[in-house]
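Whenever a hint applies, use it, and build me the whole structure from the sequences.
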Amino acid sequence: MTIEEINKGLKENGYIPNDDICYSVFEALALQKPILIEGDPGVGKTSLAIAVSKMLNLPFLRLQMYDGLTKDEILYDYDYQRQLLTLEAVKPKINEEIKDMDVNAAIRKVAGDVNFYGEEFLIPRPVLNTINGSGKKLLLIDEIDKSSEETEYMLYEYLESYGINIPQLGPVKCPDDQKPVVFLTSNGYRELSGAMRRRCGYLYIKKKTREEIIEILKNNAKVNDKVAAGIASCIVSLQEENLKHPVSISEAVDWANFLKEDANKEKIMHSIGLLAKDRRDMGIIRKTVDTYAGEIADM
14 MTIEEINKGL
24 KENGYIPNDD
34 ICYSVFEALA
44 LQKPILIEGD
54 PGVGKTSLAI
64 AVSKMLNLPF
74 LRLQMYDGLT
84 KDEILYDYDY
94 QRQLLTLEAV
104 KPKINEEIKD
114 MDVNAAIRKV
124 AGDVNFYGEE
134 FLIPRPVLNT
144 INGSGKKLLL
154 IDEIDKSSEE
164 TEYMLYEYLE
174 SYGINIPQLG
184 PVKCPDDQKP
194 VVFLTSNGYR
204 ELSGAMRRRC
214 GYLYIKKKTR
224 EEIIEILKNN
234 AKVNDKVAAG
244 IASCIVSLQE
254 ENLKHPVSIS
264 EAVDWANFLK
274 EDANKEKIMH
284 SIGLLAKDRR
294 DMGIIRKTVD
304 TYAGEIADM
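Per this note's numbering, numbering through the sequence shown is continuous, rising by one, with the last residue being 312.
Source of the hints: derived by calculation from the structure; they are not laboratory data.
Since this is a predicted model, take the numbers as computed values, not measurements.
Each hint can be trusted.
Here are the simulated SDA-like pairs of lysine to any residue, each with C-alpha atoms no more than 25 Å apart in a straight line:
hint, residue 1, residue 2
1, Lys159, Leu82
2, Lys150, Glu165
3, Lys46, Lys149
4, Lys290, Glu274
5, Lys280, Glu254
6, Lys150, Tyr217
7, Lys150, Lys192
8, Lys220, Leu256
9, Lys273, Glu25
10, Lys219, Asn270
11, Lys290, Asn270
12, Lys24, Val249
13, Lys84, Gly148
14, Lys235, Asp32
15, Lys21, Lys150
16, Lys192, Met14
17, Lys159, Tyr217
18, Lys220, Arg210
19, Lys84, Leu205
20, Lys149, Asn70
21, Lys84, Gly146
22, Lys235, Ser246
23, Lys219, Glu156
24, Lys192, Gln77
25, Lys239, Asp311
Computed Cβ-Cβ distance ranges for the label pairs, DEER-style:
hint, residue 1, residue 2, range
26, Asp33, Glu254, 21 to 29 Å
27, Asp303, Lys46, 45 to 53 Å
28, Tyr215, Lys278, 41 to 49 Å
29, Glu279, Tyr79, 34 to 42 Å
30, Glu17, Asp53, 27 to 35 Å
31, Phe271, Asp80, 31 to 39 Å
Positions of the beta carbon are idealized from the N, C-alpha and C atoms, including for glycine.
Given below as structure tokens:
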């Protein structure tokens, strides 16, 4: 894809990019390289990954990271219930065949008859799902900074070569024509390792300007110029406040969608619950919205 095609494709799928974003997506697709996206909460990191999946018509897989997430939840797991059911089904036959064997011979016999760690018992988790030959996909590893360092290390092999090693099966390597598109997001909860950063391209998404927010609102909420400009001014002002839950662009779009049919002052002031998501922010947001209500009101 060209830069122009990426710009157009993202806009058609509800995402208004700047040049930095378009070039980062272009590089990720051209080099088949993961891209690490950083920026303040609410600037559109996750929305970018969703828009790219829609633009490329790829299945979207999301892996939400948190401390304590295990390999079984990220890479692969085994269907233990199916293993037990299979064992129960073959037990009568196996008991007959091993009744005169010593313990070691019996174990070898059982292991030879049924491979309980074969592919038929393997459950692919998000990472394995993107490289097991089941088709090209887009994987979002969301908030990688909230995972443990051990989990981060576990992903190195995957991010470097789109392959993993399963002890019982050996290496799993993604077919060249099905290599996934991989996005990682970080809010700076902890510092990521240099090894992680070297495996990825990098994009920092700045806070949206007033002009960018106006374009986003007009594109995604179809509000008129006056309402879009008023809401954009309000959101830019709120971005400068020290809120516990900063107002995201998607929340601004929801607010605009709610107001677009009838943006009167009463409705504006009673709808701040679409922006405020923490009681400690209510006063600041109410005061800011009141300041810009006249600019927003479609009267």
